[in-house]
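Put chains Z, X, U, E, D, C and P on the given structure of chain B with help from the hints.
Residue numbers (my numbering), protein chains in the order written: chain B, 3 to 233; chain Z, 3 to 233; chain X, 3 to 233; chain U, 3 to 233; chain E, 3 to 233; chain D, 3 to 233; chain C, 3 to 233; chain P, 3 to 233.
You may find that some hints are simply not true.
As the list claims (entries may be wrong) - Stretch-level coverage of chain C by chain P, calculated; a stretch enters the list once three of its residues show a Cβ under 8 angstroms from a Cβ in chain P:
(1) 38–49
(2) 143–149
Unchecked claim - From the structure, some residues in chain C lie toward chain B, with a derived Cβ separation under 10 angstroms:
(3) I10
(4) A18
(5) E27
(6) A152
(7) D174
(8) P176
(9) A222
Since the hints were made in silico from the structure, they are not lab data.
Even glycine gets a Cβ: it sits at the ideal position worked out from N, Cα and C.
Number of protein chains: 8
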Amino acid sequence: MSDIGIRIDPDRLRRAGKPEAIFAEKKGVDDLIEAVKLMLEKCGRALVTRLNEEQLSALEREFKEFKILKNERGRIAAVFTRKAFEEFSNRKCRCEVVILSAGTSDIPVAEEAAFTAEYLGMSVKKFYDVGVAGIHRLEEPVRYIRNSRALAVIVVAGMEGALPSVVAGLVDRPIIAVPTSVGYGVAFNGLTALFSMLLSCPSGVAVVNIDNGFGAAVFAYTICRIAFRDA
Amino acid sequence: MSDIGIRIDPDRLRRAGKPEAIFAEKKGVDDLIEAVKLMLEKCGRALVTRLNEEQLSALEREFKEFKILKNERGRIAAVFTRKAFEEFSNRKCRCEVVILSAGTSDIPVAEEAAFTAEYLGMSVKKFYDVGVAGIHRLEEPVRYIRNSRALAVIVVAGMEGALPSVVAGLVDRPIIAVPTSVGYGVAFNGLTALFSMLLSCPSGVAVVNIDNGFGAAVFAYTICRIAFRDA
Amino acid sequence: MSDIGIRIDPDRLRRAGKPEAIFAEKKGVDDLIEAVKLMLEKCGRALVTRLNEEQLSALEREFKEFKILKNERGRIAAVFTRKAFEEFSNRKCRCEVVILSAGTSDIPVAEEAAFTAEYLGMSVKKFYDVGVAGIHRLEEPVRYIRNSRALAVIVVAGMEGALPSVVAGLVDRPIIAVPTSVGYGVAFNGLTALFSMLLSCPSGVAVVNIDNGFGAAVFAYTICRIAFRDA
Amino acid sequence: MSDIGIRIDPDRLRRAGKPEAIFAEKKGVDDLIEAVKLMLEKCGRALVTRLNEEQLSALEREFKEFKILKNERGRIAAVFTRKAFEEFSNRKCRCEVVILSAGTSDIPVAEEAAFTAEYLGMSVKKFYDVGVAGIHRLEEPVRYIRNSRALAVIVVAGMEGALPSVVAGLVDRPIIAVPTSVGYGVAFNGLTALFSMLLSCPSGVAVVNIDNGFGAAVFAYTICRIAFRDA
Amino acid sequence: MSDIGIRIDPDRLRRAGKPEAIFAEKKGVDDLIEAVKLMLEKCGRALVTRLNEEQLSALEREFKEFKILKNERGRIAAVFTRKAFEEFSNRKCRCEVVILSAGTSDIPVAEEAAFTAEYLGMSVKKFYDVGVAGIHRLEEPVRYIRNSRALAVIVVAGMEGALPSVVAGLVDRPIIAVPTSVGYGVAFNGLTALFSMLLSCPSGVAVVNIDNGFGAAVFAYTICRIAFRDA
Amino acid sequence: MSDIGIRIDPDRLRRAGKPEAIFAEKKGVDDLIEAVKLMLEKCGRALVTRLNEEQLSALEREFKEFKILKNERGRIAAVFTRKAFEEFSNRKCRCEVVILSAGTSDIPVAEEAAFTAEYLGMSVKKFYDVGVAGIHRLEEPVRYIRNSRALAVIVVAGMEGALPSVVAGLVDRPIIAVPTSVGYGVAFNGLTALFSMLLSCPSGVAVVNIDNGFGAAVFAYTICRIAFRDA
Amino acid sequence: MSDIGIRIDPDRLRRAGKPEAIFAEKKGVDDLIEAVKLMLEKCGRALVTRLNEEQLSALEREFKEFKILKNERGRIAAVFTRKAFEEFSNRKCRCEVVILSAGTSDIPVAEEAAFTAEYLGMSVKKFYDVGVAGIHRLEEPVRYIRNSRALAVIVVAGMEGALPSVVAGLVDRPIIAVPTSVGYGVAFNGLTALFSMLLSCPSGVAVVNIDNGFGAAVFAYTICRIAFRDA
Amino acid sequence: MSDIGIRIDPDRLRRAGKPEAIFAEKKGVDDLIEAVKLMLEKCGRALVTRLNEEQLSALEREFKEFKILKNERGRIAAVFTRKAFEEFSNRKCRCEVVILSAGTSDIPVAEEAAFTAEYLGMSVKKFYDVGVAGIHRLEEPVRYIRNSRALAVIVVAGMEGALPSVVAGLVDRPIIAVPTSVGYGVAFNGLTALFSMLLSCPSGVAVVNIDNGFGAAVFAYTICRIAFRDA
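With the rest of the complex left out, here is chain B (with noise of 0.2 angstroms):
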């Protein structure tokens, strides 16, 4: 246990699978900097969601010797020491995810997912504002799904969240559905759309937590392991 209280897990990715991150959201700029210290002095490298603009110019003035990737879009950023950084730029993506949104207030959410696909050595492919009101928009994607080697397709929505219904009725690759807390009156902060998605009409759709994007990128993650074990 650290001063702060932290106790870093540096096995959890190689023991479970799953990165730690640090969940910027609410936490000082203070505790920020001391939790993303421990993660790269005991893993060399460290992911950071959910930042807002001040967070993230304080990491950059403070781990300016570092390698800083971010996304502003998604709120995401990872830092990394030289050595691991070198080692994340060699990688072979072997991987493919597809990552779809119903509307363009979606797009933080996917962009956090795609972000956090590539920094777990993922590629990524997105088609953005496909959403059920112009059904027509979804002909690109499907085509591409069907004819490419993607292990898996995340579908972000908020709303209705019908998207991930109609996609599952024509792919046949895993469903990750993130709902969003886009909408306003019934959508309750994305529960509706939540909801939604965990009654898809076909089955074979799996849900995480509202604007979880991460966390739908880090179950790809799992599949992506598991599909090139021994390769």
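For chains Z, X, U, E, D, C and P alone, coordinates are given in the frame of chain B:
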């Protein structure tokens, strides 16, 4: 006020374009028969919804001198005096309404809507089991609607309630969405479908209460009255 | 897909009778302007809802060469190219919609509906602050509706949301009910009004999402298209 | 504490103006009879609410030597010793309460209120089936109330629960609103009606628990005690 | 209908025994002042609830020629023309209401009730911080009520909302319970207190909306009008 | 893992101070008997909760060679081998727990707690029907607790759940509150009582799940183990 | 569309990797048999979930010429034509899935998952009653998973739903969590377990609807198809 | 009752074993200081919870003549007169409580509990960041507890709230569970953690309100008083 406390409002259809109907659920057989009698006396005909088998048999016994139309799947029946039935039989169905249902379990509610629409003098075209799990099944109804003169489309769906969103993106008629209490777990007896429909990405969808096929048909009828007022 | 991930669907109005609109809430000013530009390019005009003051000023600065109509109370604006505005100015308003609001706090939502209806070529008659606390205030609008050729009545109410029930018992036009997030305590940001409206004793009321004045007007427009298709 | 764990509080009516009653729902017949016996012993009379048919028959058998008043629709009964019944019969009803109910399905709750009010020595005037779907049906009860000396108006309604709001805008007596569990879908067993009543636009409405006709009458009785304390 | 859409209902107090008040929350300062002016014109006085500091200052500036009474803790004020204030000052307070509050955080709501009651011509006796955590603190108010001629007791409580139950078991006056949004976690902004009060074991408690001190006082006033109608 | 999938954890009581019990609700009679047999084999005794009449009879038939203790009101029973029963009979009850219940309908849950406590070797003192509607009924149990050596007080209440708050303000023992599913309307099967208890104004109240008399007794037992560990 | 309104989608398994199944709950026996016949005709085999005893007997009578596999605890059965059964019997199970359940009451849902997985050609390894109350019981399944080639772990749990979190921290396979409706009080028919699983601290858990063992197996199957696509 | 309406209950600690504390949230600085003064006058010391920075500074300025202990992370402070502080400093800590927290974001609530426990004269041992994602991190605290004489274990957790279940299965002390409002999406500000804890599979867990570290410590203190009453 009758002995059992009912005040029939025989002028409602003329004044407000809405028929009075008798909601049979939880009503005792005696009260139900009393209510039908009062309606027949004042209006010459009575529409009864949410009938169980016992209630329906009782009506058939009690009103065997009258003309009864019924739909067992939709749990709905209408009792007419001879004179009222003659009028009803000679009506001209100038209005058409199209009724879509997502799954086979949604059919009872769709049938309630269909029966009510016909009782109100509309003609009905049905397409059932055309939910979003197999989106290709929508091609036929969409083509039909586009080429028809239908005044409104009633879309009945439970579970994730995604069908109205998809249909509303494809055709230009008023979409009256009816959530059903079909589903389990987070279906919450139709609440998720209801919220989903209210959040429909393409606007132009309006919603009625869960399982309220009757209300959807009445709403379609108010459109019908307007569209044909001078014809 | 544009740089910011938007795919405009310019054919939607023709295909599905629903205009695309830009929902400004939570959008950054740059993304908003980009979206408006794309719409103008594809459709010649753009409707923007839920604008805050800063966003509206930014639009006025950015599009000062264009024609802008706005309604500050309704937080809504439309940007037109000169050519599109000329067409808009010469439209004939054959459809009339009547808009009622229960309390003064419901007026912004009513104004959003009114602006949208006019943007879609309908004429609008408004009666505000006619809630059920003083039922005599309803006499004037009811008389007006009965004598008018209005195709639909949009009823906007928060709190207990009782107005649509009462109006539906008095006039024969389709009632499109819009619950608002007005109220405190058990108003639950409009949820009680929404449920209340769905339970309206007289049938023939259909409901849209909380505060969705825009959607109510679009729904009225789909009725309008049908009623005047051959006229 | 009796053998079955009951502690009768015979002083409550005098001390706190509220009668003790026995809530029969889910009680075994033996426990119910035991409770009535204890009440008769301590107070000379016992009021029993929410009786089912079997329980009522059992009471009539068991207490055939006593005087029993009952209302089957309201599922309520009172058992008196001869002496207590004589007193009851000679009471003077100085207080009047008016009871309105919105729909026919709300009548059982209204009858529970009416029976309780009479048991407590008030006189009752009833107007049933006067819901807002046909607002003209309210004219008669409103005229009656305005011209009467009624101390309070109990308004019983399920579904959207709009009746108390309308009545409160028309008459100046305390309005005690009783939501009922009538309705389906988003009626949520009376919760929507309850919230609706709490949000009544005209103030001056107070609410009791769902289906609690008994409680409404007791509340009216506390007003009665105050109004006539020195008379 | 005024320019800002308000229709004042000056006859409501006479007709329905309820004063109109202006709910200031979320109102712009200009709209608020306009509303007060309209009220003064029609009724000679205006009651304004839920004022913030800025709104109150604005009222004091704008109406400095008028007489203003205010209660900052209760966020409530009244503006009078000279003539109306003279009448108000000469009123006789024949009705007394007792107001209890459970915790110190409930005091603002209790003060709103007290101010409203005095505005309506009642006299008020207050006992604050007498919650159930120290039941001995209730002795003094209970003794007072029993010996007083108070017509009603308003009980204000947040958190678990247990105070009205205990008080209703001890005194015989009508108990008007006001839940407050005080508390955290499962207090749900007053919802638990509301439900708790509706479930009060001793009957004879009626409830108003969360934080609605104003409504509780208006309800007490309707009792007052009845009790003193011929005096 | 047995044939029916059960893995008995015979060490739990020693390791974690909690007995394993068999929750009979919804269990088939065969599975229930199988489970009891496994428990008897591993531990010499078995506690079974939430028994219906049919299940209890089946146990009595099946285990007539064994010693059975039961409490029908509490729907709970214990089966012992002869040896285990002898040990049980010779235990010394050094710990006392006091159990209070608010209403008569709460007694079954209180009895489940009492039976469990005795099964775990504690002595029990009960006070039933001492709810807050008649606060004077609390005097006797409060005096008893203050003068006793009771280690904990279990307070069982449904409806508004106010009793634990009042008791916690009067005595200094740990208060273990058990909400019950007693009540109707907004009682929500015990949820309001649960929330009410969690919000108890005086701190020092901890809560277990709705109707979980068993859990309350187990919790009291963990206190007992600590208090008497070296005695 | 068949006479009873069903449109079989025989291409779904090939196109979308998801089998069609017949959900028997609330279906009449005639409709159920009709649906099975249609499936057999189009696909040669039919999977039926949520069967009650009566429905299962009816299937066995009606399809006695066919091959039926069933699991009564899991309330699930499959009907095959001879030809389809031969194919099924000769399949090679290259994919393994491990199924864990927390308590004995969760076993029916786990069995539904197991049966479905085998129906889809996977091999299944089960560990039941390994909930977190005795964490040592997890050692065996964790060791098994780590040493196995299992592609996914299905974790079934009701009550507090904590098992998936703990397992996800210990093994690196995709965790498909299935909440069950086991529990009482605040279990809310599985909702708490569902939310708990969505909040799993270690990421990499995805969730399906409450009691949806079938859906979990289908999701595992989509992973299986990907992992073995070229083998 | 003071000028600001507070009635201090100085006898509560002696009578009921619970200290009075001042809940600072939403209190104005003047009211807060007034309350502290009253407490100091009556009891010699005052505990203040939920302080923000501004309030804490104000206390430090106002009471600089007094002794102040504070914990900024836990947002809690205590003010003592010199005499009271001397007594406090010389107390003997015979009771030990162990505090566990699941994640780093739960630490503020854990610190509130720790500070309160020490204020009440207990000694505290803390283990933070020992959540179920890495179950091996629990080994150390479990070994500690088993070998300690700790009277109770306070377990603080947000998100899925699984930690108390696991700990309760491993140690035999009373487990006081504190859900925290940590998490997003379906965490519902701590509600899921709360329900999860109430459903803990091993019994012997009791729960306090969300974020109520103070209440958990007070509850532990009531156990402490009992365990050491004669020592």
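Hints, one by one, checked against the model:
| no. | hint | in the structure |
| --- | --- | --- |
| 1 | 38–49 | violated (count 0) |
| 2 | 143–149 | violated (count 0) |
| 3 | I10 | violated (14 angstroms) |
| 4 | A18 | holds (5 angstroms) |
| 5 | E27 | violated (14 angstroms) |
| 6 | A152 | holds (9 angstroms) |
| 7 | D174 | holds (3 angstroms) |
| 8 | P176 | holds (4 angstroms) |
| 9 | A222 | holds (9 angstroms) |
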